[in-house]
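Asks: Sequence:
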Amino acid sequence: MYILECSDGSLYTGSTKHLLLRIQQHQSGEGANHTKKFGPVRPVYYEEYSRIDWAFNREKKIQGWSRAKKIALIQGRLSDLPNLAKAYRDL
Numbered sequence: 013m014y015i016l017e018c019s020d021g022s023l024y025t026g027s028t029k030h031l032l033l034r035i036q037q038h039q040s041g042e043g044a045n046h047t048k049k050f051g052p053v054r055p056v057y058y059e060e061y062s063r064i065d066w067a068f069n070r071e072k073k074i075q076g077w078s079r080a081k082k083i084a085l086i087q088g089r090l091s092d093l094p095n096l097a098k099a100y101r102d103l
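Numbering-wise (the working numbering), the sequence shown opens with residue 13 and increments by one.
Just to be clear, a hint being listed does not mean it is correct.
[To be verified] Quick list of in silico lysine to any residue cross-link-like pairs, SDA-like style, CA-CA up to 25 angstroms:
{"id": "1", "residue 1": "LYS48", "residue 2": "SER62"}
{"id": "2", "residue 1": "LYS29", "residue 2": "ILE64"}
{"id": "3", "residue 1": "LYS72", "residue 2": "VAL56"}
{"id": "4", "residue 1": "LYS29", "residue 2": "GLY43"}
{"id": "5", "residue 1": "LYS82", "residue 2": "ARG34"}
[Unchecked claim] Computed spacing ranges between beta-carbons, pair by pair:
{"id": "6", "residue 1": "PRO52", "residue 2": "GLN75", "range": "16 to 24 angstroms"}
{"id": "7", "residue 1": "SER22", "residue 2": "ALA97", "range": "14 to 22 angstroms"}
{"id": "8", "residue 1": "ARG79", "residue 2": "ASN45", "range": "13 to 21 angstroms"}
{"id": "9", "residue 1": "ASP65", "residue 2": "LEU32", "range": "30 to 38 angstroms"}
{"id": "10", "residue 1": "GLN36", "residue 2": "ILE86", "range": "15 to 23 angstroms"}
It should be emphasised that the hints constitute simulated quantities derived from the structure, not laboratory data.
The beta-carbon is built from N, C-alpha and C at its ideal position, and this holds for glycine as well.
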């Protein structure tokens with residue numbers, strides 16, 4: 013599971029089995045529509061999982077988070093996460 017920062021400052025969350033290849037795809041315009049529109053991208057965070065379905069589930073959870081909560085995760089401010097607004101997926 014990974015988070016990219018796009019050229020417009022937006023954050024894109026995805027999951028893949030091959031992180032470096034997927035980042036190259038986003039950079040070359042072969043990735044998601046959002047990264048095609050707002051590329052180039054810069055990786056800012058990633059987590060490794062032994063199963064892609066676990067990474068996909070984490071991706072979907074984080075996609076529902078507020079920007080502030082994603083930034084706290086990226087910055088390693090884990091103690092701040094519970095105090096930030098909860099998304100519907102967190103309930």
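Asks: It remains to establish, for every hint, whether it holds in the given structure.
Replies: Checked hints:
1. LYS48 to SER62: violated (28 angstroms)
2. LYS29 to ILE64: holds (7 angstroms)
3. LYS72 to VAL56: Measuring from Cα to Cα gives roughly 17 angstroms; hence the hint holds.
4. LYS29 to GLY43: Holds, at about 14 angstroms.
5. LYS82 to ARG34: holds (20 angstroms)
6. PRO52 to GLN75: 16 to 24 angstroms: holds (21 angstroms)
7. SER22 to ALA97: 14 to 22 angstroms: holds (18 angstroms)
8. ARG79 to ASN45: 13 to 21 angstroms: For ASN45 against ARG79, whose Cβ atoms are near 19 angstroms apart, the range 13 to 21 angstroms holds.
9. ASP65 to LEU32: 30 to 38 angstroms: Given range 30 to 38 angstroms: violated, Cβ gap about 21 angstroms.
10. GLN36 to ILE86: 15 to 23 angstroms: Because 21 angstroms falls inside the window, the suggested range holds.
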